[in-house]
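Spelled out from the first residue to the last, the chains are:
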Amino acid sequence: MLRVEEGSLYPALHRMEETGWIRAKWITKDTGRRARLYELTAAGKKQLESEQSRWQAVTTAVNRVLRMA
Amino acid sequence: MSLWSRIANVLRGDRLSRDIAEELESHIQEAIEHGRDPAEARKSFGSPLRHLDDSHDLRVLPWLDSLRADAIFGWRQLKKNKVTSAAAILSLALAIGSCTATFRLIDALFLRPLPIADPQRLYVISRPGGGFGDGWEHMRFRRMRAAMKGQADLIAVSFPEQTDLAYASDQGPDRGMEKAYVQYVSGRMFRSFGLRPALGRLLTEDDDLEPGAHPVAVLSYDYWTRRFGRNPKAVGSTATIARKYGMGSDVFEIVGVAGEGFAGTEPGTQTELFVPAMMHPLVNLPVAALFRTFVRLPSGVAPEPVRDRLDAALHAIDQEQAKEFPNRLSQTLMMDPAASGVSRMQKDYGQSLAALGVLVALVLLIACANVANLLSAQAAARAREMALRVSIGAGRAQLMRLVLVESAMLALAAVAVGAIVAWQSAPFVVARVNPPDNPARLSLTADWRVLGVGLALALAVTLLLGLAPALRASAVRPASALRGGENPRSRGRLMHTLIAVQTAFCFLVLFVSGLFAATFDRLTHQPAGFSVDGLLALDTVTPRDEPPSAWEQVAEHLRSVPGVESVAVSEWPLLDGNGYRYNHVSIEGGPPIEARVQFLLVSPGWIETMKIPLIEGRDLRADETGAAIVNREFVRKYFPERDPLGKWFEAKPGGQWGRRFQIVGSVGDTRYQTVRDPILPLAFIPHQNPWHVESLIVRVSPSNKPASPLALASILRQEVSRARPGFRVTKIRTQEGMLQSQTVRERLLAMLALFFAVVALLLAAIGLYGVLNYSVLQRQREIGIRMAIGAPAADIARRITTDVFSMVLLGALAGLALGLSSVRYIESLLYQVKPTDPAMLTLPSLTILVAASLAALPAVIRAIRIDPATTLRAE
Chain A
1431 MLRVEEGSLY
1441 PALHRMEETG
1451 WIRAKWITKD
1461 TGRRARLYEL
1471 TAAGKKQLES
1481 EQSRWQAVTT
1491 AVNRVLRMA
Chain B
2 MSLWSRIANV
12 LRGDRLSRDI
22 AEELESHIQE
32 AIEHGRDPAE
42 ARKSFGSPLR
52 HLDDSHDLRV
62 LPWLDSLRAD
72 AIFGWRQLKK
82 NKVTSAAAIL
92 SLALAIGSCT
102 ATFRLIDALF
112 LRPLPIADPQ
122 RLYVISRPGG
132 GFGDGWEHMR
142 FRRMRAAMKG
152 QADLIAVSFP
162 EQTDLAYASD
172 QGPDRGMEKA
182 YVQYVSGRMF
192 RSFGLRPALG
202 RLLTEDDDLE
212 PGAHPVAVLS
222 YDYWTRRFGR
232 NPKAVGSTAT
242 IARKYGMGSD
252 VFEIVGVAGE
262 GFAGTEPGTQ
272 TELFVPAMMH
282 PLVNLPVAAL
292 FRTFVRLPSG
302 VAPEPVRDRL
312 DAALHAIDQE
322 QAKEFPNRLS
332 QTLMMDPAAS
342 GVSRMQKDYG
352 QSLAALGVLV
362 ALVLLIACAN
372 VANLLSAQAA
382 ARAREMALRV
392 SIGAGRAQLM
402 RLVLVESAML
412 ALAAVAVGAI
422 VAWQSAPFVV
432 ARVNPPDNPA
442 RLSLTADWRV
452 LGVGLALALA
462 VTLLLGLAPA
472 LRASAVRPAS
482 ALRGGENPRS
492 RGRLMHTLIA
502 VQTAFCFLVL
512 FVSGLFAATF
522 DRLTHQPAGF
532 SVDGLLALDT
542 VTPRDEPPSA
552 WEQVAEHLRS
562 VPGVESVAVS
572 EWPLLDGNGY
582 RYNHVSIEGG
592 PPIEARVQFL
602 LVSPGWIETM
612 KIPLIEGRDL
622 RADETGAAIV
632 NREFVRKYFP
642 ERDPLGKWFE
652 AKPGGQWGRR
662 FQIVGSVGDT
672 RYQTVRDPIL
682 PLAFIPHQNP
692 WHVESLIVRV
702 SPSNKPASPL
712 ALASILRQEV
722 SRARPGFRVT
732 KIRTQEGMLQ
742 SQTVRERLLA
752 MLALFFAVVA
762 LLLAAIGLYG
772 VLNYSVLQRQ
782 REIGIRMAIG
792 APAADIARRI
802 TTDVFSMVLL
812 GALAGLALGL
822 SSVRYIESLL
832 YQVKPTDPAM
842 LTLPSLTILV
852 AASLAALPAV
862 IRAIRIDPAT
872 TLRAE
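Chains A and B, in that order, give the protein sequences.
All residue numbers for the first sequence refer to the working numbering, where the first residue is 1431 and numbers rise by one.
All residue numbers for the second sequence refer to the working numbering, where the first residue is 2 and numbers rise by one.
In short, the hints are calculated from the structure, not lab data.
The beta-carbon is built from N, C-alpha and C at its ideal position, and this holds for glycine as well.
Careful: at least some of the hints might be erroneous.
[To be verified] Far from chain B by the CB rule (all over 10 Å, computed), these chain A residues:
1. I1452
2. L1470
3. S1480
4. W1485
5. A1487
6. T1489
7. A1491
8. V1495
9. L1496
[Unchecked claim] Among chain A residues calculated to face chain B with C-beta under 8 Å, some are:
10. E1436
11. Y1440
12. R1445
13. E1448
14. A1465
Can you build the whole structure from these sequences, using the hints too?
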């Protein structure tokens, strides 16, 4: 089973922010604590689509292979 | 995110980290709010520190960030060792500043191109071995120019000279006489150089067609600013300029101001007024080699073929005059690049500056060795720190960077302080290059070239200082270092080598500066052969040639001025550095003597005024044109074991043989033209013809001594004009000043070299002290044990100093070899000083030994005072 530390999410988020796929802003929550809110940028949406279609292609291919086996 | 925001993030690193930490923390808090177990939430989150680090590195330039960290750490290290750092920075600053200042001088004199269009197309022609060297007669220049028409531009410029002039706005015949550098130039020069006027117009070819036809002048921008406060009315006014070689003066109209920056083609002298070459009084004299000749190549033309054609053209011209000037035919023409201009100062100071450059470079190396030793000693203390850094994962590159950043900070601080040194010292030196009444003007602009040299020096110093410790730091083996077992001897080796190098360089600097100091000393103690004190020379001109009796009348008038002891007339003062007149002679009708005899035209009473001892015979008398007084050397050479009195010799003062002089007296030897002259055979003869330029030699009476003889200057000036109308004093000089101005270069060299010698010695001594002190600290335990088992103090002292002193000896020997092999490069700067003279070699050796002993003393005392009990307990 794959185990990923939850915290690893943040360097990944920051890397995507660096690349320009997502942007972030600070918001203040009801508790008074600040939190960062991330949203996809236009470039991010495009990247997501292309990654999704690649994923689609890969899984389709893998499924085909499995079916043949 | 852009590069800029990453750089900006480096500078606000703390805030960035806080933001990331807050974000991470908010994640965990939210998880807890959602009801997860705090401990479990934190555990599954992973190490916040590592995530923070990862995120931080994403948002900054990692190399820049760690550089910043290194810089902060380095700064703390420098602050921790305040005394060491200050000493290091100061010694480096002094050395770097001196290097930069020397470069500024070399740059201003030799490297910086003239502010003209395409300076690389400018060449200068000269004839080696041709008497006047780089001077050309204007008539020959004109013929060469005509022969080269269409192939290259030829431009003649006279040597700029301080000339008397007066502006029409000032009234009165003598009032407002002032001096300015006037240069006679080809009218074509300005156009050929691509220069534009700041005001009015520049000289053109049309101004330079007929001798004396166009009395127009152009001011340099700098002179216009200084003398006229940039008043536009200066253009259109008139200036009366005295003829340097002729009588009287000419009135010039000022027609324009040259563009900013251009002040002639002679680095070291800035021309203030440009006038057409054809206005020169001697422009048509066939033997007046008064003009430098520049060749301006058309763009894209190689210099060699042009030189060949010019040589051929010159040869054809010389062929026609082969009868008058036979030796000209054998001369070859040289054509050298002159992009930076050409000047006498370059010739006079080129070698001195090079020697000085080497000296300051040596001082810089000594300072570097010194600081490297200081850093080395510090690095020893930091071996553990480095080992610790390696054990927790620092790479070699990181350690090297850490050490290099530290030395770069030292070097940059030193450059910053050194810039101030360079700023102040270069003008200080320039101000001392010429005699005070005729200062050298060198434009010392601080530009990118100087900045570049400063930064290059900083880089070189950083590498010199930092590389060895950096390599050592990177090679640290943590296991052995942390155990404290690193071999202390290995570090000592580098320090000892540096001591030897330092000593060698220090010896070289001391040796060379000793030679310069001795040269200056010999020159200033050269006996002149007459009494220099209280002697004034009044260079006087008249509008037309005046007979000797008229000059005598003025001298007689001056004798009645209070404070004047005696007055005489000579064509120029002895030892003024310029005037000379020599002739072949034949003794008592014998064959002409190969060697030449120096002559000086003097009035009766001159011998007495000069206080030259009369050995036998008598002084000259008035109206006695065929008499001569000769010096002891003349007698020794031409009348060995014979009485010269009443004998006669013939000379050809005017070109033809047959003028006969009877010797009426003999006097003691004096030097003739310069203090460097050997004692030559001299003959003093009476004035023969009326003449318009003479020197009135005035001896101020000793009762007037306390005040400078120049205190009488203004009275004497007035009295000369009062004695006879038209007689005008152009210049008053003291004989002492004339002598001093001949040793200006030597004085400057000796002064600077001695200064650098003191600095070098001081640095070497500090270095030695540091190394010895360090080695005593290192060997404390060993010394303690030795003392405990009964070693005498002398033994301890010997053990500590042997290594270092053998290095000092080795270095001194190397320095000696270096000095003796390099001395031939400066031989022409020396006077009556033999480099192999034992005194010249012993003095630096002794100085170094004394300095080394003094530097070793504190360390030795410290070693002897070590208390075995305390030391061993502490260990």
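Structure-based check of each hint:
1. I1452: holds (12 Å)
2. L1470: holds (17 Å)
3. S1480: holds (22 Å)
4. W1485: At roughly 24 Å from the nearest Cβ of chain B, W1485 (chain A) sits farther out than 10 Å, so the non-interface label holds.
5. A1487: holds (29 Å)
6. T1489: holds (28 Å)
7. A1491: holds (33 Å)
8. V1495: Holds, because the least Cβ-Cβ distance between V1495 (chain A) and chain B comes to about 35 Å, which exceeds 10 Å.
9. L1496: Holds, since 32 Å exceeds 10 Å.
10. E1436: Given a least distance of 5 Å, the restraint on E1436 (chain A) holds.
11. Y1440: Holds, because the Cβ-Cβ distance from Y1440 (chain A) to chain B comes to roughly 5 Å (cut-off 8 Å).
12. R1445: Holds - the Cβ of R1445 (chain A) comes within 8 Å of chain B, reaching about 6 Å at its closest.
13. E1448: holds (5 Å)
14. A1465: Holds - the Cβ of A1465 (chain A) comes within 8 Å of chain B, reaching about 5 Å at its closest.
Consistency note: the structure conflicts with none of the earlier hints.
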